[in-house]
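Colleague: Here's the letter readout for the chains.
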Amino acid sequence: MSTTQPRAAAGRGVRTFLAQHRDYVPVMATAVLFALTLEAGNYRYLDFLAGQTIANLFVDNAFLLVIAVGMTFVILTGGIDLSVGAVAALSTMLCATLVEQHGWPPALVIPLVLAAGGLIGGAMGYAIHHFEVQPFIATLAGMFFARGLCYLISTNAIPIDDPVFTTLAQSHVTFPGGVFISWSVVIALAVVAVAFLTLHYTGFGRAVYAVGGNAQSALLMGVPVGRTVIRAYTVSGLCSALGGVLFTLYTLSGYSLHLVGTELDAIAAVVIGGTILAGGSGYVLGTLLGVLVLGVIKTIITFEGTLSSWWTKIAVGTLLFAFVLLQRLMTSRRRA
Amino acid sequence: MSTPQLNPAQPVLRMTGITKEFAGVRALSGVGLDLYPGEVHALMGENGAGKSTLIKVLTGVHEAEAGTVTLDGVPVRFAGPLQAQQAGISTVYQEVNLCPNLSVAENIFLGREPRRLGRIMWSELRRRARDLLSGLDLEIDVRAPLDTLPLALQQMVAIARAVDIRAKVLILDEPTSSLDREEVAQLFTVIRRLRGEGVAILFVTHFLDQVYDVSDRITVLRDGRLVGEYRTARLPQIELVSAMLGQELGELTDRGRGDRERPAGTPFAEAHGLGRKGAIAPFDLAVRPGEVLGLAGLLGAGRSETARLLAGADRADTGRLTVDGRTATLRSPRAASRRGIAFCSENRRREGIIPDLTVRENIVLALQAARGWVRALPARRTEELVTHWISALHIHPADPEAVVRNLSGGNQQKVLLARWLITEPKLLILDEPTRGIDIGAKAEIQRLVASLAADGMAVVYVSAELEEVLSLSDTVAVLRDRELVATLPNTAELTLDRLMETIATGGTH
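Quick mapping for you: the protein sequence lines, in order, are chains A and B. Residue numbering for the first sequence follows our numbering, starting at 14 and increasing by one per position. Residue numbering for the second sequence follows our numbering, starting at 1290 and increasing by one per position.
These are computed hints drawn from the structure, not numbers from a lab. These numbers come from a predicted model, not from an experiment. Here a beta-carbon is modelled for each residue, glycine too, at the ideal position from N, C-alpha and C. Do not take every clue at face value.
[What the hints assert, rightly or not] Here are the simulated SDA-like pairs of lysine to any residue, each with C-alpha atoms no more than 25 Å apart in a straight line:
no., chain 1, residue 1, chain 2, residue 2
1, A, Lys-311, A, Ala-129
2, B, Lys-1566, A, Asp-36
3, B, Lys-1566, A, Gly-64
4, B, Lys-1715, B, Thr-1784
5, B, Lys-1715, B, Glu-1690
6, A, Lys-326, A, Met-41
7, A, Lys-326, A, Glu-113
8, A, Lys-311, A, Ser-322
9, B, Lys-1715, B, Pro-1556
10, B, Lys-1566, A, Phe-47
11, B, Lys-1566, A, Lys-311
12, B, Lys-1566, B, Glu-1528
[Stated by the list, open to error] Which stretches of chain A does chain B cover? Using the computed rule of at least three CB atoms under 8 Å from a CB of chain B, they are:
no., region
13, 184–191
14, 245–257
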């Protein structure tokens, strides 16, 4: 018996450490994963770790990052938002049709599009809180609604050659050494920063975590649960719309079939980033890492050249499964 | 205290004629309560008396059909706990109502975080939390996530939160049910200090001793009605109990084990070096048919952990268990149930009843599961069984179709017992079956356990109350710091003092 005691104590030490820092464990796992995927790419391909490859990781995924940040808010409250892809697609359509076909100034169109996204999100949040609709169902309805609106506007792709949009899309921020990023990346990183500050330094942010931890307790502790839920979905709608605007800049077009399935990529990025689907635990920086991991996988498969791009889906699926398993382990440890 | 000094003759809070119905069932009818600054007022009553409902009406969780609430002489009606809290009425609930994922510091200050320019000042927040907790003589890492703390400490964090809100009225809804003796004393120190500062404290508890220890006045409710308001010093305990029960006592005090034959013979279940890392050190224990084996020990001594290993609710990582002489590896409660072992968890809300099902459905659940889903229980047999157990255990309301969510704690516990009893187990493991339920139901459950044992069932009985263990058990297993330290036959020599000494010193040898 006495010989097993030091080992038991050591075990307890590890367990205590994990218990104290368990919120960071999934994020750290994602960081390690990101490093490993980068290293794998570097091992296999020349120039994989070149500055521009990394910069392109951000350029190609800026829109997804913004959408995933919004999704993080919703998942932290214990909800889910399936409408993000459709809302973003609707934003591309609204931008294209209002600017190209109606000749509205972009300075008016973009705020309007953002407001529309926020409104759709807020409406879903309202339904989820006040009518106690399952988030899955409410946002599924929102998804059909937004996607339907796209087709109502036009079934064809609308190319954009408005000077403001094209200038915004083509101008770059260039770093020493010639590595450049688009302005979309700057915007996306700004969104991450604002989201981080909101989640960790404002009452609304903490309420998001509280609601996700235990909504009943949060209510009894005086947290405005309803307002928090509605706001979280509003943030998600707003981020989807902004993601849509960034995607419009990325492709310089509006199209009803843009961004089909993006909601699933966003959810995958959030979960791989270590946010627990049950809510209450996770970080927006993890989401950033999650998006980057997805980006690296896509890049590797592009570099490979001969591989079907559907391998991306298989890789993402496998990772997602691994991370959900990790979450199970974390939560079962929490219960024990 | 920033609270203005009130005329002591003027109640800070007055509730009159409060009436509340749930789906046609009257939970409160015309109840009134006065609360004065600087008093500890105990709210007493059996389960189903309406204490919780009254508190929920007061804090705006429920809206009353009739009646008025005045705070400082002004009529108020709260839309929710937030409003009540802002008006100066804070509540600490029976079950810890905090956010398990947030840190201790954050749980204390959630919604009232110190801010500068709208930004939460974390270092300031943690410093204040540390100050507050050390002011209550608590050493807790304020950065630790709440659910890494034991339940008792979580409860203290909840109280710290309520204390910090600087409430005029502090409602403590059974805060002591999970605290050990020292923690209760600690809590009472805090309560007395707050009383000295002029806070009006409404204290709901089932522990009579605690009421006499700390309260100034007592209000008794029964079946949703006001029985009376008394000065604690002028109300003998026996009269309080009879006011709560609405009947003369006598038999309640006779909870003794009686002169049953001490069970002998081969053990039904026997643990050989059974243990689980981090839960309980390996132990040897045996329970015979007809024997009540009591598990005694302080909070956190490993009582529940031992019961859960015997029941297969947690898996042992060392040792083995023999059932009926054969080695049994219990991988799940289902495996245990097949071998005739039934287990009622201490956490009846989370691991016991299914609140949205009816009494009937809850009762037949385990039996049906044991039969397998293919062989459905015949409707008539179900009816017979359910009716029998409802009346045998005095489940109230005696309606098989009542939804269990709406039953009081004691009646939920009885439903849970009935569920396992109809599977006719050979070993019944009860983890704190009487915690948080009223005296009447408690005595009934104790009598039931004694009669089950008399009929030859082996029972493992876990209780935080040493008196209860002592009065029911044939054998008492004493646990201390997650280790089985002694197994004592319950003879005349085993007194409460001796038992406490064993717990304190860890055995006599």
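Colleague: So, against the hints stated earlier in the document, which numbers end up violated here?
Modeller: Numbers 1, 3, 4, 5, 7, 10, 11, 12, 13 and 14, in rising order.
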